[in-house]
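Colleague: One letter stands for each residue in the lines below.
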Amino acid sequence: MKRFLLYLTVAIITFTIGYNINLIYFSDRAPEQPINFSHKVHAADNSIPCLYCHIYADKSTISGVPSVQKCMGCHKIIKTDSPEIQKVVSYWEKKEPIPWIKVYNLPDYVYFSHKRHVKASVPCQRCHGDVAKMDRITRQTVIFGVPFLRVSPLKMGWCLDCHKNGAKEFIGGPVRNGTDCWTCHK
Amino acid sequence: MLNRRDFLRVVGIGSAGAAAGFALAELNAPNPARLIPYLIPPEDIIPGVANWYASVCRQCGAGCGIVVKVMEGRAKKIEGNPIHPISKGGLCARGQAGLQVLYNPGRIKNPLRRIGERGKGEFQEITWEEGLTILSKNLKELRDRGEGDGLYLLTSPISGHLKLLLKNFMNAYGSSKYFAYELINYENLRFANNITFGQNSLPHYDIENTNLLLSFGADFLTTWISPVNYSYAYGHMRQGRPGLRGKVIQVEPRLSLTGANADEWVAVKPGTEGLLALAIAYEIVEGGYYKGEDRGKWLAALERFTPRDVAKVTEVAEERIIGIAREFSKTKPSLAIGGENVSSYENGVSNLVAINILNYLAGNNIGISGGIIPNRDIEKSSFIPVNSLMQDASKGKIKTLILYDTNPVFTTPGAVKVEGQLKNIPLIVSLSSFMDETTLLSDLILPTHTYLEDWGDNFTEPSVGYPVATIMQPAVNPVFNTKSVGDIFIHLARNLAGVFQKEIPWTDFGAYLQASWKMVYNKHKDMKEIRETTFEEFWNNLLSKGGWWKEESQAGKKVYISVNKITPYLPKGPASFDGDDKDYPFYLTLYPHSSYMDGRGANLPWLQELPDAMTSVVWGTWIEMNPERATTMGIKEGDVIEVESPFGKIYAPVCLYAGQRPDTISIPIGQGHKFYGKYAEGRGANPLDLLPFKVDERTGAVSHNSTKVKITKTNSPGRLVKMAGWTKELGRDIVQTITPEEFQVKEG
Numbered sequence: 000m001k002r003f004l005l006y007l008t009v010a011i012i013t014f015t016i017g018y019n020i021n022l023i024y025f026s027d028r029a030p031e032q033p034i035n036f037s038h039k040v041h042a043a044d045n046s047i048p049c050l051y052c053h054i055y056a057d058k059s060t061i062s063g064v065p066s067v068q069k070c071m072g073c074h075k076i077i078k079t080d081s082p083e084i085q086k087v088v089s090y091w092e093k094k095e096p097i098p099w100i101k102v103y104n105l106p107d108y109v110y111f112s113h114k115r116h117v118k119a120s121v122p123c124q125r126c127h128g129d130v131a132k133m134d135r136i137t138r139q140t141v142i143f144g145v146p147f148l149r150v151s152p153l154k155m156g157w158c159l160d161c162h163k164n165g166a167k168e169f170i171g172g173p174v175r176n177g178t179d180c181w182t183c184h185k
Numbered sequence: 000m001l002n003r004r005d006f007l008r009v010v011g012i013g014s015a016g017a018a019a020g021f022a023l024a025e026l027n028a029p030n031p032a033r034l035i036p037y038l039i040p041p042e043d044i045i046p047g048v049a050n051w052y053a054s055v056c057r058q059c060g061a062g063c064g065i066v067v068k069v070m071e072g073r074a075k076k077i078e079g080n081p082i083h084p085i086s087k088g089g090l091c092a093r094g095q096a097g098l099q100v101l102y103n104p105g106r107i108k109n110p111l112r113r114i115g116e117r118g119k120g121e122f123q124e125i126t127w128e129e130g131l132t133i134l135s136k137n138l139k140e141l142r143d144r145g146e147g148d149g150l151y152l153l154t155s156p157i158s159g160h161l162k163l164l165l166k167n168f169m170n171a172y173g174s175s176k177y178f179a180y181e182l183i184n185y186e187n188l189r190f191a192n193n194i195t196f197g198q199n200s201l202p203h204y205d206i207e208n209t210n211l212l213l214s215f216g217a218d219f220l221t222t223w224i225s226p227v228n229y230s231y232a233y234g235h236m237r238q239g240r241p242g243l244r245g246k247v248i249q250v251e252p253r254l255s256l257t258g259a260n261a262d263e264w265v266a267v268k269p270g271t272e273g274l275l276a277l278a279i280a281y282e283i284v285e286g287g288y289y290k291g292e293d294r295g296k297w298l299a300a301l302e303r304f305t306p307r308d309v310a311k312v313t314e315v316a317e318e319r320i321i322g323i324a325r326e327f328s329k330t331k332p333s334l335a336i337g338g339e340n341v342s343s344y345e346n347g348v349s350n351l352v353a354i355n356i357l358n359y360l361a362g363n364n365i366g367i368s369g370g371i372i373p374n375r376d377i378e379k380s381s382f383i384p385v386n387s388l389m390q391d392a393s394k395g396k397i398k399t400l401i402l403y404d405t406n407p408v409f410t411t412p413g414a415v416k417v418e419g420q421l422k423n424i425p426l427i428v429s430l431s432s433f434m435d436e437t438t439l440l441s442d443l444i445l446p447t448h449t450y451l452e453d454w455g456d457n458f459t460e461p462s463v464g465y466p467v468a469t470i471m472q473p474a475v476n477p478v479f480n481t482k483s484v485g486d487i488f489i490h491l492a493r494n495l496a497g498v499f500q501k502e503i504p505w506t507d508f509g510a511y512l513q514a515s516w517k518m519v520y521n522k523h524k525d526m527k528e529i530r531e532t533t534f535e536e537f538w539n540n541l542l543s544k545g546g547w548w549k550e551e552s553q554a555g556k557k558v559y560i561s562v563n564k565i566t567p568y569l570p571k572g573p574a575s576f577d578g579d580d581k582d583y584p585f586y587l588t589l590y591p592h593s594s595y596m597d598g599r600g601a602n603l604p605w606l607q608e609l610p611d612a613m614t615s616v617v618w619g620t621w622i623e624m625n626p627e628r629a630t631t632m633g634i635k636e637g638d639v640i641e642v643e644s645p646f647g648k649i650y651a652p653v654c655l656y657a658g659q660r661p662d663t664i665s666i667p668i669g670q671g672h673k674f675y676g677k678y679a680e681g682r683g684a685n686p687l688d689l690l691p692f693k694v695d696e697r698t699g700a701v702s703h704n705s706t707k708v709k710i711t712k713t714n715s716p717g718r719l720v721k722m723a724g725w726t727k728e729l730g731r732d733i734v735q736t737i738t739p740e741e742f743q744v745k746e747g
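Top line first, the protein sequences correspond to chains A and B. Counting along the first sequence from 1, when you hit position 2 you're at 1 in numbering that gives the first Met the number 0, and nothing is skipped either side. Counting along the second sequence from 1, when you hit position 554 you're at 553 in numbering that gives the first Met the number 0, and nothing is skipped either side.
There may be inaccurate statements among the hints.
[To be verified] In silico PhoX-like pairs for lysine-lysine, Cα to Cα no more than 20 Å straight-line: (1) B/K76 / A/K185; (2) B/K557 / B/K331; (3) B/K119 / B/K416; (4) B/K544 / B/K87; (5) A/K101 / A/K78; (6) B/K501 / B/K524; (7) A/K118 / A/K86; (8) A/K132 / A/K39; (9) A/K185 / B/K635; (10) A/K185 / B/K68; (11) B/K517 / B/K501; (12) A/K58 / B/K68.
[Claimed, not checked] Okay, the calculated bits of chain B under chain A, using three or more residues with CB under 8 Å as the criterion: (13) 7-18; (14) 32-39.
What the hints contain is simulated information worked out from the structure, not anything from laboratory work. These figures come from a predicted structure and were not determined experimentally. All C-beta atoms in this analysis are idealised placements derived from N, C-alpha and C, irrespective of residue type, glycine included.
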């Protein structure tokens, strides 16, 4: 009887640990996108600036996924023989948008503005990681091919940490009203 | 201690547990959110940043300029247009609720053709092509038979180029039967102003700059004519001028929101407001405040209306009448206005004439700041007296009736029995956004855009002393498979061909509107106010500003009123009421409610849940009754009572309201819809069912204060839903009071 209780306790504890490991470290690992798009090829190899495609990042709360028209703007000519580009072309010909999967997702009750952060010259990489090194977009740092800790947990403590201390390097001090509830929860 | 076997067991169980936990979390993982990009990004849209489009509100006839906040093609908020001379950045609750007109689940989504019996509500969805073909075929046949005049078009009072288009269409068709109908109209006021001031259009009442406002039943803060503009003006008159606070005296049997804001409330007996005005006029002339040469003539004309005699009829003390008269003449400028309540007796015009002459006698307040500022005359209104329309219907003169944005079945008195009369009409076509009582009876329903999806313009009437034109532009794409009214008629014209092509050659209503404004521009481009050098520039500015107006001051145009001319129009006695005093002891006054107006707002849940400003009742009809009178009759708040007039009866709960004369009950108009979407249907009662078919003889405008009623307590279940639970202080000393005696001792 006593032994059985021990087994049960061990099972419950390890179950919880297993569940949480998945939740914390693996829940939003890099999803497979409808098109095998590589940020590495675009941002690093061809040095295209972020804002060339994410055109609303300095104008709006959202950064904006490039329109299919934008993709076609270059790929009418470039690399037309690649099977992945042909997927883009087929979306364009069907007049359908590409259903990308969202990797960075904030809950509804958080108000976040890209514009504010970009205007304060916070580099994109600060939150999104070194995207230019990723073939597939991921929120985890990759160590020896194994996805590990996330670049940005997108948790409130992480936001506040930067609002309090981290902002020094961009605006010379803590964010004004940066810890006010209504700054982010409107 | 663990032995080896147990250790292995623990490790095994532990690993299995962890794996199971991991797997369960994996299974529980939410579906990933999708990021859907634009295929081709629209140039003028930045997702997440709002675009504001200037337009015009059509929730009532006031014509307020609005700006609509649109994000990614969805309308999110409506506000007043800050530079618009009518709304000045303000917007009332009805205007705010315009979003729920646009996205209302009760909207008609496709053209419909009746398949069952008329009034049963059995319709079949058809395409636009079919719907328009049915109608144009009918119109062609009608004209070929030589019965072109049998086409009747009944709309709400509209203005601007849509009205012009409809008129052109009807002319080209050969029918002169284009009419407008609305329950809450200002025909009596228009008529009375024409008699007294020789002005066909409604004037601008300069409440903003007046020092004494004597209002006879004009609830100008909620419903009367242009409530947003008047609310702004009222605020300025009270608090906008340092050291000067205008005074308001409100004369009405039921204390309205405006009455509650006034300094003095004169609880006059219903139907005698006109006489009270004449008694005040008598005192003004008699007391020597009127200095005209024809003073003797006025005195002779008014001699029957001495304050002493009138005091008995109106139940307002003689001293009070004299006091008001003196204050009204001494204060400069002063302004007397007659509102919905007094114009809705069967002698509405007479009452309004009597009130109008006060402005003349007390120092000619016409054409001066703080008085009555005339507006430019506009074309004659196409209002149709409801009795003549019903006569035509019963005689079978109406062969085809096209209805647009009007609901006569709901908004006419029960005794008119519109529903029965409409049965004689072979084809009824309804151009409506919503299924309402009248649309239900039609044979063909062509759903229209709401005002947030449509092109149009509006020539404000009454304006603020100078002409104001407001442009309506589509803020969002059509939500359902609907069409613009203008487009429907342009399409019909194309189907009918021939002369129509010459009269109405445009491809769509937007193009017509632009072409018309191009004509306006070409005619006026030399004016120094128009700085734009090309029409395209002018048109763009028009759309971004929301309209065109030129602020100009009005030259003080004095009027002369001849006694002999005016005398026949003065009230002879109190307004008559149906139902004798013995059997029907209560006067019934109905008022358009600030949320529902004439009933059109009842399908918007925001307005239903908005507590009434005076009683705080929501979601229903209530009967306002004097608390003391109710107590003597053994009626408690919330009791459902039967209100019976010689013409009908309704049931509704009582709301005890101290701002009510003991001999009067009041009921708001607007609820009691039988068919108007899920939010309005079967809610409350329609008090218009109690009314006789009575109109002011001179204009044909329906009198909705025209009957007496009796009330009986019933045991019917019913609920009065009120936001404010209690009217007592419960010893909390919220309102501090002092008796006059104590006041004299303390303040000397």
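Colleague: Hint by hint, say whether it matches the structure.
Modeller: Cross-check of the supplied hints:
{"no.": "1", "hint": "B/K76 / A/K185", "verdict": "holds, 17 Å"}
{"no.": "2", "hint": "B/K557 / B/K331", "verdict": "holds, 16 Å"}
{"no.": "3", "hint": "B/K119 / B/K416", "verdict": "holds, 18 Å"}
{"no.": "4", "hint": "B/K544 / B/K87", "verdict": "holds, 13 Å"}
{"no.": "5", "hint": "A/K101 / A/K78", "verdict": "violated, 26 Å"}
{"no.": "6", "hint": "B/K501 / B/K524", "verdict": "violated, 27 Å"}
{"no.": "7", "hint": "A/K118 / A/K86", "verdict": "violated, 35 Å"}
{"no.": "8", "hint": "A/K132 / A/K39", "verdict": "holds, 5 Å"}
{"no.": "9", "hint": "A/K185 / B/K635", "verdict": "violated, 45 Å"}
{"no.": "10", "hint": "A/K185 / B/K68", "verdict": "holds, 18 Å"}
{"no.": "11", "hint": "B/K517 / B/K501", "verdict": "holds, 18 Å"}
{"no.": "12", "hint": "A/K58 / B/K68", "verdict": "holds, 18 Å"}
{"no.": "13", "hint": "7-18", "verdict": "holds (count 9)"}
{"no.": "14", "hint": "32-39", "verdict": "holds (count 8)"}
Hints 5, 6, 7 and 9, counting from the list given before, are not met by this structure.
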